[in-house]
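Asker: Those protein sequence lines, which keep their order, are chains A and B.
Here the first sequence is numbered in our numbering, starting from 1 and rising by one per residue.
Here the second sequence is numbered in our numbering, starting from 1001 and rising by one per residue.
These are computed hints drawn from the structure, not numbers from a lab.
There may be inaccurate statements among the hints.
Claimed, not checked - Here are some, though not all, of the chain A residues that point toward chain B, as calculated from beta-carbon distances under 7 Å:
| no. | residue |
| --- | --- |
| 1 | 19 |
| 2 | 33 |
| 3 | 38 |
| 4 | 39 |
| 5 | 117 |
| 6 | 122 |
| 7 | 124 |
| 8 | 125 |
| 9 | 136 |
To be verified - Far from chain A, some chain B residues (derived; all Cβ distances over 10 Å):
| no. | residue |
| --- | --- |
| 10 | 1056 |
| 11 | 1132 |
| 12 | 1153 |
For clarity, every value in this text was computed on a predicted model and none was experimentally measured.
Note that the Cβ used here is the ideal one computed from N, Cα and C, for glycine as well.
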Amino acid sequence: MQAAWSVAQRRLHWAMAGLVFVNFLLALVMVALPLSALLAKILTYQLHKSLGLLLIPLWAWRLWLLWRRGRPAPVTLPGWQQGAAWLGQAMLYALLIAVPVLGFLSAAAAPIAVETVFFLILPIPHPFAPDQALYDVLRPLHQGAAWALVLLALGHGAMAIHHHRQGLPVLRLMWRGQ
Amino acid sequence: MLEKSKALPIHRRALAGAVLPLLGLTPTAARAARVFRFDQNQGRLEFIARHLQVLTSTGQFSRFDCELILDPQRPETARVAVQVETGSIAHAYPGAADLLRSPAYFDAARWPLARFSGSAAPGGRIEAFDLAGPLELRGVTQPFILKAQLARRRRDPATGAEIADCTARGEISRTAFGMVADMAATGDRVQLAVSVSLVIG
Chain A
1 MQAAWSVAQR RLHWAMAGLV FVNFLLALVM VALPLSALLA KILTYQLHKS
51 LGLLLIPLWA WRLWLLWRRG RPAPVTLPGW QQGAAWLGQA MLYALLIAVP
101 VLGFLSAAAA PIAVETVFFL ILPIPHPFAP DQALYDVLRP LHQGAAWALV
151 LLALGHGAMA IHHHRQGLPV LRLMWRGQ
Chain B
1001 MLEKSKALPI HRRALAGAVL PLLGLTPTAA RAARVFRFDQ NQGRLEFIAR
1051 HLQVLTSTGQ FSRFDCELIL DPQRPETARV AVQVETGSIA HAYPGAADLL
1101 RSPAYFDAAR WPLARFSGSA APGGRIEAFD LAGPLELRGV TQPFILKAQL
1151 ARRRRDPATG AEIADCTARG EISRTAFGMV ADMAATGDRV QLAVSVSLVI
1201 G
């Protein structure tokens, strides 16, 4: 167990948090854009897919760092809060991989059959052909998981601020590393 | 009862009276040529557009009629006539069909039909032959070439009949037909593709 989060761990934490929120807002915008704004719609969809795919290697890197470097000792909290924090973080890690993977699979199953091209440069092959029945399952799963991820992340942030106001160093440890 | 997925030849007697003389087929060719009529129930007519040079989207016409006159031994005598209801556009993306029916694209209210009639050029093989002729779309007529082929010839195990997959593809410049909307997002070249299974023997 290390004394503080490493620089890479802290940067990854904030980068992924930023990506999740930006991509969530992008999803709301891309769906709301009318077809008369076709160029903006296509660009926002592709950017949403690209940022989502970017989360997958970042998630793997973060997990690898956690395994290799560990984490600082947990701050002193009542037992139930420790348990809730552990459960919340485990769910965050699970959703951070589930949301982009479900998104990619729903893009593959989508009957519109538009390719996924990473930042409009690198084509990412879809693992299966479009399938309306599968899409009808995957799309709401992706959406539901994305809402759960954002709400859970907001709750996670709110608790960090709450503990910070109580004088506990959880936010400072992730922000400045000490 | 005809098998729904395959277009069958019309009986030769039906040809003798009217269709073949109009098409100018020689008696020899007339004996071997077959007329295949199919629509959206047996075949598929799609259009494929490119976006930002790297993406494609596909839509289809859900009402069309096609008549193909083809002698598999002499593809250079082939003829085709296609009529498409432009208002029958179907697209998987919600709202896209309405946009494509609008005056900015197919203008289906004003120009409800698109037509193509083509005939084969000499020198074609059954694996790859061209059908060239005028395409009328949005009140504009432009030369158009469908590159056709008859592939995967096989015996239907149930009926013993010889079947082949017929596909034909061609490319139009949408601006040549007055479709100039969303040029930044959608390329000028749009592919048209027809596919059907034919009972050829």
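Asker: Tell me, which hint numbers fail for this structure?
Answerer: 1, 2, 6, 7, 8, 9 and 10
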